[in-house]
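> Sequence:
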Amino acid sequence: MTSPAPPSTAAAAAESIHRSLAELTSSSSDSFDNPRRFTAFVSRLRLLLNHNHFLNPDSLPPALQTALKGIASDLSKATETVSVYRNRSKIFVLINCKSLSSSLQQHSSAIASWLALIESSLSDNLPELRKKTSDLSRDMKQSHFTVTENEERVHRTLQKEGEGRQTSKAVQSAIIMDLARCLGIDSDNHGELNNQVKLLKTDLSNANSVPARRILVSLEKILDNWSIVPGMSTSNVDRDFEEEAHILPFKNFLCPLTKEVMKEPVVLESSQTYERTAIKYWFERCLEDGREPTCPVTGQVLKSLEMKPNIGLAGAIEEWVNRNVEIQVKGAVEQLSKEVEVEVEGVERVLDVVYKISEEHPSNRFRVRNAGVVVMIVTLLRNCSKSIGTVLRGKALAALLSMAKDEESKKIMLEEGITRLAIHSLIGSSEKEREYAVKLLLEFSSDEACCTRIASEKGALVLLSSMAGNLEHPALANLAEGVLTQMEKVEGSVQHLAAAGRFEPLLSRLHEGPDDVKIEMASIIGRMTLTNNSKERIARQCAQALVELLSKTEGRTPSLQALNNLSGLDDNATILVDSAVLPALIAILLQDQGASTEWKELAASTIANIVSNPGHWELAAIDKKGNSMQSESVVFSLLGLLFVASPQCQASILRILYGMASSPQAAESVATHIKNSADGIKTIIPFLEYPEDEHRIYAFKLIRVLTERFGHDLALELKPSDKLSLLKEKLLDDQSTDSEKSDAACILANLPLSEDEVKTILGASFFQWTVMTLKKQQRISNGRTSRRTSSMAEGLLGLLLHFTMSLDQETIDVVMEYQLMTIFCEQLSFAAKPKVKELAAVGLKNLSEAGRLLAPADSEPLPPQGCCASLMFLFRRASPEPSTCPIHNASCENNSQLCLLNSNCIRPLVDILHDEDMNVQIAAIEALSTLVLDTSNGYKRAVDELEKHDVIASVIELFTELRPGLLQERALWIIERALRVDGPAHKYSLNQSLVRALVEAFKHGNANAKRHAQDALTHLKQLSGVSGKASSQSRPRR
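The sequence shown begins at 138 in the numbering used here and counts up one residue at a time.
Source of the hints: derived by calculation from the structure; they are not laboratory data. Check before you lean on any hint, since a few could be wrong.
Stated by the list, open to error - Okay, the calculated beta carbon distance ranges per label pair:
#1 His327 with Thr516: 41 to 51 Å
#2 Val512 with Ser783: 53 to 63 Å
#3 Asn224 with His327: 16 to 26 Å
#4 Gly752 with Met1055: 39 to 49 Å
Glycine included, every Cβ here is placed at the ideal spot set by N, Cα and C.
Model the full assembly from the supplied sequences, consistent with the hints where possible.
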């Protein structure tokens, strides 16, 4: 509200004063003391100013006029303050009581000062008026407008509510009592309290004060809670069972603050009884607010906060509770004993009652247990789980959880199979059901026997582990983690926990436990079926511990089993090698004469798993002398052990030899040791016909690897015993495994065979079978090549290469019939294995060379002779485009499978020039080299054709990126041949990258490379004093 402007004249001031006086004295009663006291001063002021001396204000002396104007202004403002007391809600006044009293104090003092000015300005002939003015001035100046203690407490409380603090029900009750007392209202008069809050809401409708609005919201909530019919938590459910038998509580059983039956009644010095926790909250709130603690009912300021137990009342309440609990339990038994269909509502009420009895009156749990209610609830869960639904299952579990705090009840639940029911509820559809299920398991997990029972339940640990790792429900995850942590302490749960992927208990015991525990843990690892992640984790943490156990006789078998299990993961090879497992295993397998057959078999199997992954074991020492796995002594010992080992051990030794012979780092030395062994190869060959699949498979694999390095030596051993026919039969036998077939094909492909052996042992029919099988494989794989199919393709291509080594007419006919060149070409596009592409390129080279040898001699017509020869030469018609092949300078239509150009093989060969495998690049270069072998008539056409297919440009690009070596030399040979023709020589003469690469080859290459580089630079006219014309005579290719 905006204050009016001060009056400009004494008359206006007098008029303003009379209006304010009339307004202030219009009300005969005020609710608050401050406005009453101020109104009393106003009445005296009114009598004073009604004196005749003030009838004509404008004629008064200036001092008096000034005093009137001052009184008018301050009185007007004081009137506004009193108006707030009278017209606003009482709660609003209490919220602002300090500012209002301060305002009255300020204006009363100001008016007193103006009255003192009037008294000093009055003449001496008005002694009575001067005395009255002096007395009123003194009284108003000495007056103190303050707030009462009660108002002060309520004001402070309301201000704290404006801060938005959380308040307990007990504190809310005390606030209402204080407020009602200050307002002069009975605290049970909910209607009047609500009216006061509504008035406050009206007062604040246009207010912008955030604290004031918070106070309003807080009071509304408090009154909403306060106006609810008082609930008696122990008595409001039982009416559903026995309405007539229910015993209502006496009024003095109820706490004035909580309106509920007291559990621990205490008496204050005011003789009022409260619930201990409720009054304690109120005392804490008073101290927080900086006010003296009071008795909420009486408002009395307490000198002592002592709370004396009201023993008599507590006994009466306990007796009342026990009698009502008996009634509730009896009703629960009747409801759960009904044999008709389950009444969902009735069961829900029973479960609520049981839960409340157990939680609020734990001393009465025995009544619930003895009445058989616990068994009935478990039976309900077992027999009616689906019909009662997830909500009731959750409530049943909650009731049982509360009752489980009673040891006898817990035993009954375990006997009734509650753990299985709780585990089933771990997958319940509601979060509450899952929560109480896992809480129940957590309660039981404090007992070792219970933990063992939980662990033995199917799927329990998997569900708990999954729940513990679910971050979407952190509360459930923490509970499940708590159950698992409890179970980790129990020995009997270790294996079950590990099976569920929780390895911490097992690993910690394997590291830190006594020897017998370590042995048991190793035995568990050896028996378990582990995931790859689990194998890696165990290996990283416990490989060293398992290796140490090998030194103990009683721990050797379980540790060997565990290590063998872990070695089944390829990635664990490095971990095991770093743990120094190889020396211990080699000692058991090759050196320990007393080692049992089982130990040797496990050691051999583990070593085989490790060496099947090259890259680390090759450098590991296996003894104090520094010998490695590929050392001669180890290889010889393994070959010798093949004679006397058990069948299972023999299979593992063959795997070991194959793994070592397949390693890029160890293959050379291992293969050499096998070859140099007295009967090394002869020892392995018989296993090609071994009845057990594993022996045959790894014997074939080992022989295949050996033939890649020592094909001639293997041929000398295989041919006398007619094993070549065996290899062929394996290929043709439908009963052979795919692995055997592919290895047999590769062995035959790697063996050097004479032309007669190719015809007699392999033959045309076998050629046909090989072609058809290769096509079938390509059709089935549809471009997707696995390791097995690529290995088979490698062998089949190698077999076909035997037929391309020396082509007679019969073989050429078969080549034409089955379009062998096309088959080789297709392998360049589809093969994912470099070896297959290399063999295909070699096959194309062989066929292309055969096509050059079979091409007819050049038969270009002679120029005309005689005197008219020149005229005839000038006027003859242009000859038609030659129909001969630019490469062979002859027709290749009938021999298209011997011509790279006509078979469209040039582009695929160019594409693999940039393959990542150098052997593939060399094979492609050599195949393309067959296109420029002949530099006789028509050579320019051949080079132009290569230029058209980007052969020269691609070879030059490859050459400029190469370092000195065989591939560079082969590329340089083609480039030099191509640059003999003027067109390419002129085209590439300005290619600085080519020139620099040629110069580097000339400086740093071998003799052949230097010669080819010199000739190429000469063709490019990069060497001074050279014409650049190429010699018509071709130089040797190599």
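> A separate judgement is required for each hint: does it hold in the structure or not?
Hints and how they fare:
As the Cβ distance of His327 to Thr516 is approximately 46 Å, the hint placing it in 41 to 51 Å holds. In this structure the hint that Val512 and Ser783 lie 53 to 63 Å apart at CB holds, the actual value being about 59 Å. For the pair Asn224 and His327, the beta carbons lie near 24 Å from each other, so the given range of 16 to 26 Å is met. Checking the proposed 39 to 49 Å range against Gly752 and Met1055 shows it is violated: the Cβ atoms sit about 21 Å from each other.
Comparing the model with each numbered hint stated earlier shows that hint 4 is the single one that does not hold.
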